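Asker: Sequence:
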Amino acid sequence: MGGHIPIPSADALAHSQRLVAMIEASIRAERGGLAFDRFMEAALYAPGLGYYAAGARKFGPEGDFVTAPEIGSLFGQCVGQQVAGIFEELGHGVLLEAGPGTGRLMADVLEA
35 MGGHIPIPSA DALAHSQRLV AMIEASIRAE RGGLAFDRFM EAALYAPGLG
85 YYAAGARKFG PEGDFVTAPE IGSLFGQCVG QQVAGIFEEL GHGVLLEAGP
135 GTGRLMADVL EA
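Under the working numbering, think of the first position of the sequence shown as 35, with each following residue one higher.
No lab work stands behind these hints: they were computed from the structure.
Please read these numbers as outputs of a predicted model, since none were measured by experiment.
All C-beta atoms in this analysis are idealised placements derived from N, C-alpha and C, irrespective of residue type, glycine included.
Just to be clear, a hint being listed does not mean it is correct.
To be verified - Below 25 Å or equal to it, Euclidean Cα-Cα: the simulated DMTMM-like pairs (lysine to aspartate or glutamate) are: (1) Lys92 <-> Glu64; (2) Lys92 <-> Asp45; (3) Lys92 <-> Asp142; (4) Lys92 <-> Asp71; (5) Lys92 <-> Glu75.
To be verified - Derived DEER-like restraints, expressed as beta-carbon distance ranges: (6) Ile120 <-> Gly66: 28 to 36 Å; (7) Leu78 <-> His38: 32 to 40 Å; (8) Leu68 <-> Ala102: 29 to 37 Å; (9) Gly127 <-> Gln51: 28 to 36 Å; (10) Gly82 <-> His38: 26 to 34 Å.
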């Protein structure tokens with residue numbers, strides 16, 4: 035993590051160019067304008083092209099993000115202990131982890 039931005043590979047550049055071409059086609063189809071939500075949906079979720087839909091690793095040391103759950107289980111264990119105490123006071127509870135992550139946080143919370 036030396037503070038520099040890595041140079042994309044030829045494959046990554048070609049992938050980006052395909053995504054840009056798809057978004058440009060959408061803009062032309064809309065006669066020069068594309069709502070921000072539609073742009074973000076394409077950039078993130080377009081099948082095979084979007085950031086989360088293209089299949090590349092996103093989380094962990096080899097991905098774009100390193101979050102506490104990806105480093106180890108301590109954060110999830112701490113959250114799990116707090117949640118267990120709250121559920122005990124309430125007498126019940128339901129947990130839902132929503133997000134594009136790996137599910138590692140919920141796994142650690144449930145193991146606590």
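Asker: Determine for every hint whether it applies to the structure shown.
Answerer: Verification of the hints:
no.	hint	verdict
1	Lys92 <-> Glu64	31 Å, violated
2	Lys92 <-> Asp45	16 Å, holds
3	Lys92 <-> Asp142	19 Å, holds
4	Lys92 <-> Asp71	22 Å, holds
5	Lys92 <-> Glu75	17 Å, holds
6	Ile120 <-> Gly66: 28 to 36 Å	51 Å, violated
7	Leu78 <-> His38: 32 to 40 Å	25 Å, violated
8	Leu68 <-> Ala102: 29 to 37 Å	35 Å, holds
9	Gly127 <-> Gln51: 28 to 36 Å	47 Å, violated
10	Gly82 <-> His38: 26 to 34 Å	29 Å, holds
Going down the numbered hints, you'll see the structure goes against 1, 6, 7 and 9, while the others check out.
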